[in-house]
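**Q** The numbering of the first sequence is the working numbering, which starts it at 1 and goes up by one.
Don't take every hint at face value.
[Claimed, not checked] Listed next, with one range per pair, are the computed distances between beta-carbon atoms:
id, residue 1, residue 2, range
1, 53, 90, 17 to 25 angstroms
2, 50, 89, 26 to 34 angstroms
3, 54, 92, 30 to 38 angstroms
4, 87, 5, 24 to 32 angstroms
Honestly, the hints are just simulated from the structure, not real lab data. Here a beta-carbon is modelled for each residue, glycine too, at the ideal position from N, C-alpha and C.
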Amino acid sequence: MAGSAYERVYAVVRRIPRGRVATYGQVAELAGLRGPGRARRIGYALHALPPGTTVPWHRVINARGEVSPRRRPGEDLAQRLLLQREGIRFDARGRVPLARVRWRPRGRARATGRPRRPR
DNA sequence: TGCTTGACATAAT
DNA sequence: CATTATGCCAAGC
1 MAGSAYERVY AVVRRIPRGR VATYGQVAEL AGLRGPGRAR RIGYALHALP
51 PGTTVPWHRV INARGEVSPR RRPGEDLAQR LLLQREGIRF DARGRVPLAR
101 VRWRPRGRAR ATGRPRRPR
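Build the full structure now, drawing on both the sequences and the hints.
**A** And the structure:
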């Protein structure tokens, strides 16, 4: 039930508006999981989603602005089509301009389009 | 109970 | 800018 790390992740993904995308790291941070490595769990959580879910999992992509290459060929392609269907354009390299389509949650948390972590 | 894999991220080359 | 190597944590077997 609610309270699980997965539920928090799903809750965040559900807030992603149509036509916008979020990165795994961004979702992880918004879900309360911070730091490197947590992003990996986001993919795991989404993969655990049951069929027929209402969670817009396809709006979650990697930090490169690219659809993560998955083990099953074709799945990533389907994700790309879903995004294109929402008005998101991909360039020849299969990447999306994150600066333009990245979801910017306001008031709820930071993750403003600023680089996260100075080195 | 312990090892391997994984829808990633970051730093280095 | 692309690729390679390493780190992190949890779930699956």
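**Q** Next, verify each hint and record whether it holds.
**A** A quick look at each hint next to the structure:
{"no.": "1", "hint": "53 to 90: 17 to 25 angstroms", "in the structure": "holds, 24 angstroms"}
{"no.": "2", "hint": "50 to 89: 26 to 34 angstroms", "in the structure": "holds, 30 angstroms"}
{"no.": "3", "hint": "54 to 92: 30 to 38 angstroms", "in the structure": "holds, 33 angstroms"}
{"no.": "4", "hint": "87 to 5: 24 to 32 angstroms", "in the structure": "holds, 31 angstroms"}
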